[in-house]
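Go by the hints and put chain R onto chain P.
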Amino acid sequence: MPPLALYIHWPFCLAKCPYCDFNSHVRERIDAAGFIAALRAELAFEGARLGRRPLGSIFFGGGTPSLMAPADVAALIADARRVFAPRDDLEITLEANPTSVEAGKLADFRAAGVNRLSLGVQSLDPAALAFLGRRHSAGQAIAALESARRIFPRLSFDLIYARPGQTLPAWRAELRAALALAADHLSLYQLTIEPGTAFATAHARGEIVLPEGEEAAALYEATGAEAAGAGLLPYEVSNYARPGAESRHNLAYWRYGDYAGIGPGAHGRLTLRGEIVATRRHRAPEIWAERVGRFGHGSVAETPLSPLERGREMLLMGLRLAEGLDPAGFARRTGRPLAEAIDAEILRQAEAAGYLAWEGGRLVALPAGRLRLDALLAALCR
Amino acid sequence: MILADSGAESPYPSRMTDTALRHIRNFAIIAHIDHGKSTLADRLIEATGALSNREMTEQVLDTMEIERERGITIKAQTVRLSYKARDGETYALNLMDTPGHVDFAYEVSRSLAACEGSLLVVDASQGVEAQTLANVYQAIEAGHEIVPVLNKIDLPAAEPERVRRQIEDVIGLDTSDAVLISAKTGHNIAGVLEAIVTRLPPPQGDPEAPLKALLVDSWYDAYLGVVILVRVKDGRLARGQKIRMMATGAVHVIEQTGVFSPRMVAAADLGPGEIGYITAGIKTVADCRIGDTITEDRRPAEAPLPGFKPSVPVVWCGLYPVDADDFEKLRESLGRLRLNDASFHYEPETSAALGFGFRCGFLGLLHLEIVQERLAREFGLDLIATAPSVVYRIHRTNGQVADLHNPADMPDGSVIDKIEEPWIKATIMVPDEYLGAVLHLCNERRGQQVDLTYVGNRAMAVYRLPLNEVVFDFYDRLKSVSRGYASFDYQMDGYAESDLVRISILVNAEPVDALAFIAHRSAAETRGRAICQRLKDLIPKQLFKIAIQAAIGGRVIARETIGALAKDVTAKCYGGDISRKRKLLEKQKEGKKRMRQFGKVEIPQSAFLAALKTG
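As given, the protein sequences belong to chains P and R, one line each in that order.
Position 211, counted from 1, in the first sequence is what this note's numbering calls 211; the numbers after and before it change by one each time, with no gaps.
Position 376, counted from 1, in the second sequence is what this note's numbering calls 376; the numbers after and before it change by one each time, with no gaps.
No lab work stands behind these hints: they were computed from the structure.
Take the hints with a grain of salt, since some may be wrong.
Stretches of chain R that chain P covers, calculated by requiring three or more beta carbons in the stretch to come under 8 Å of a beta carbon on chain P [claimed, not checked]:
# : stretch
1 : 560 to 568
2 : 578 to 591
For lysine-lysine, the following DSSO-like pairs were computed, each having C-alpha atoms within a straight-line distance of at most 30 Å [to be verified]:
#  : chain 1 : residue 1 : chain 2 : residue 2
3  : P       : 105       : R       : 572
4  : R       : 581       : P       : 16
5  : R       : 479       : R       : 545
6  : R       : 572       : P       : 16
7  : R       : 184       : R       : 84
8  : R       : 418       : R       : 309
9  : R       : 583       : P       : 16
10 : R       : 479       : R       : 536
11 : P       : 16        : P       : 105
12 : R       : 572       : R       : 545
13 : R       : 283       : R       : 242
14 : R       : 283       : R       : 309
Reference excerpt, derived from the structure (chain R facing chain P, CB under 10 Å, subset only) [as the list claims (entries may be wrong)]:
#  : residue
15 : 356
16 : 358
17 : 538
18 : 541
19 : 542
20 : 544
21 : 545
22 : 571
23 : 572
24 : 575
25 : 602
Remember, it's a predicted structure, so these values are computed and weren't measured experimentally.
Cβ atoms here follow ideal geometry from the backbone N, Cα and C, with glycine treated the same way.
Extracted from the complex, chain P is given alone in its bound form:
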């Protein structure tokens, strides 16, 4: 079994971004000590039931985990190292925003043990940053990137493109500027409208119109070409890295490995007693903390997955990766042969259309297939 991945969710933000549907909350005062204690309790809970399994990665996500005190991050890392069996190359990622307050803490996070920083830059265009509701300037983002590059051995940042009115040349220019600043990893997301967000309301009113269809496809293809030009390859739909610099933590999701998720709203997939169990924590931070106090964990659902469900999950994650799926690994992990999990006729058509291919014995979604992966999966999955 591949090593465990550990996800730690810090649910608080200074402000809610209008596009974000992650489990994030804005509070005037936060009982940080209480929440850290609850996270440590959950870590202990997972350790107790999983045993000292090899640990490959830790990921502090949010919310805005860079709002945490570096000492608290250090404490959680120390707990994880004690509870599990950390691998020598343990990857520890923290998501951070490039505001001045957070940027000032970067060295302390490095000292706490974080060895990979993921900066939420989102754009280098001032107007776009305002539209996206970000609290930092382009200048701050560049400054934060430069200091992070000195501090952390590994660095990634996010950009959001295919924004309303964004032209292909404008995006190319912005992306080139970003690639010049990039280290070894970039997450490049097309803006999507998620239900329940401020953008969803504006979109429903027709105030936001996104590039769609051919236009969105052209932006996506240009993104891949520019990134490749800078030596970053699309190892996943929206993630680009120099070979070897991929996010090992996120690869655990896409390769459908075991991951423990702690903190409000965190999800996990854990092999327990021969089954794959989907775990889900209560989303509301206060209720979650209260439950951890009472039960030792804030889990609200622990659902064993059927081979059918496992197969679907592994397919929908695995085909996002450039490396695709290995049929033997698929059958081992899901309990279902790959040939049974997919529609043979759709596979045949998809191969003919250049969407899917067998490469070195692995089923791979080619770039044209990855571009249409949702529709492809809906047809392909049985």
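Below, chain R alone, put in the same frame as chain P:
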């Protein structure tokens, strides 16, 4: 639900035979939609006190529960008014409300046959319309005395003199003593009532002769069974009497007789000249043919009344449940509708594209719409209707002749000697300025001009047209080229041989049976191209590209390609998203069940419906 009142509360004597023939007037009102028929009927009911003010609501005949229960305008209905005329005598006036649409021309003719006269109501600001014309000719044919009534004379735009002249020119009626009224304000309603008494003839008939009663209409009542609307010509109808339907030979015993006031009021019997109802424990209206003659079983009449015609559907289409699980419910609902509407037919049908459904026959397009609407509204059914088809007559090379009302059933061209299609004679009235466009439309639809006359600034075009061309969006086009000013009416006008072909629609090389249609060879390519283009616009891009073709036999006459969708992938997908993403996938798979499968292509219900609607 309206139950028969007891005789005691009735304003009428219990023995209707007390009403001498000379004290009866039976009349219909002929009017174009919105020319004021319902309002005039209300005023007449009001003026004669048939309903108290408390009971009086706007447009009684249109909104009475019994009418709603029976569905809109399909059925005739009647109201008996008691009127004390200026001559001091009291008259029974039977107002026959006829269905007002071309689809029900035969039903209208039977309602008119139950009367001796008609009021021709014309909007004094609008003038005569095509539908009025068709009905007034029917009334003339039925031997009616006709009293022209000019309505809405209170409107500033009223031009009674122009409309008088128009009626004289177009219909040839003397309008010197036309009654000028405003049904809305109630102006001169008394004049109408007097005209009915003094200018319309009383009915004739022999109370001692063998029974002859015209079956005007019938409907199903959950409590009483079938209620039959009758007009007695000779003899009497009375409770306990054994009657025989002359066309079907069915024998029943009368349970109740009565009249409408407008509520059902029981009466001991119905004599010559009277219009009323009977019930006889009949379970379905299919046993009661409109226009049939009811006679006494013991002493039957020698010959039935003239004019009976069995009802024959002229337009057919397939009806399928959107949700295949609703098939049984659809069967049951069709059965229940037919209890009350014998003019529509249905038989089970299977389509590769649509699954199990029914092939249904209707008197016309409006009838089709009404039935569809009732199935949706009253039975909560979500339906797919295939494009309407007329009834073609196929002559095979082996001499066999058969009717064809489903394009999918068209035999191979090699076994067909010839095909005949039904034609209609259409009357279109249109303001001058749109005439050119209307004539162009008629010619484009293979029309043959029979007559073209002008009345003032309105033109009346009479055309022979293939019915096939009319069911194909003719109404919509007519409305659009005339900005809604053209009025249209038609009657069936026989069959004629024609060069017809079946056009198949293929999606990724597989024919979609539900989209096949029959057209004249000259229109095949245009129409095939139009439907391919429409499908291209309606079908959203999918994972794989889709080829859409129209073909006659093996020859492709039009093609379109829908390219693959350009991009459809979730940008962000991490640990927490797996469950959500899987559930979304599962929902999508569930949604696919509501797609229609065409070969290997799934088409959303909405796109398919839209393709059929305009097809």
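Verification of the supplied hints:
{"no.": "1", "hint": "560 to 568", "result": "holds (count 5)"}
{"no.": "2", "hint": "578 to 591", "result": "holds (count 8)"}
{"no.": "3", "hint": "P:105 - R:572", "result": "holds, 27 Å"}
{"no.": "4", "hint": "R:581 - P:16", "result": "holds, 23 Å"}
{"no.": "5", "hint": "R:479 - R:545", "result": "violated, 37 Å"}
{"no.": "6", "hint": "R:572 - P:16", "result": "holds, 18 Å"}
{"no.": "7", "hint": "R:184 - R:84", "result": "holds, 23 Å"}
{"no.": "8", "hint": "R:418 - R:309", "result": "holds, 27 Å"}
{"no.": "9", "hint": "R:583 - P:16", "result": "holds, 26 Å"}
{"no.": "10", "hint": "R:479 - R:536", "result": "holds, 26 Å"}
{"no.": "11", "hint": "P:16 - P:105", "result": "holds, 21 Å"}
{"no.": "12", "hint": "R:572 - R:545", "result": "holds, 26 Å"}
{"no.": "13", "hint": "R:283 - R:242", "result": "holds, 16 Å"}
{"no.": "14", "hint": "R:283 - R:309", "result": "holds, 22 Å"}
{"no.": "15", "hint": "356", "result": "violated, 25 Å"}
{"no.": "16", "hint": "358", "result": "violated, 32 Å"}
{"no.": "17", "hint": "538", "result": "violated, 16 Å"}
{"no.": "18", "hint": "541", "result": "holds, 8 Å"}
{"no.": "19", "hint": "542", "result": "holds, 7 Å"}
{"no.": "20", "hint": "544", "result": "holds, 6 Å"}
{"no.": "21", "hint": "545", "result": "holds, 8 Å"}
{"no.": "22", "hint": "571", "result": "holds, 4 Å"}
{"no.": "23", "hint": "572", "result": "holds, 6 Å"}
{"no.": "24", "hint": "575", "result": "holds, 5 Å"}
{"no.": "25", "hint": "602", "result": "holds, 9 Å"}
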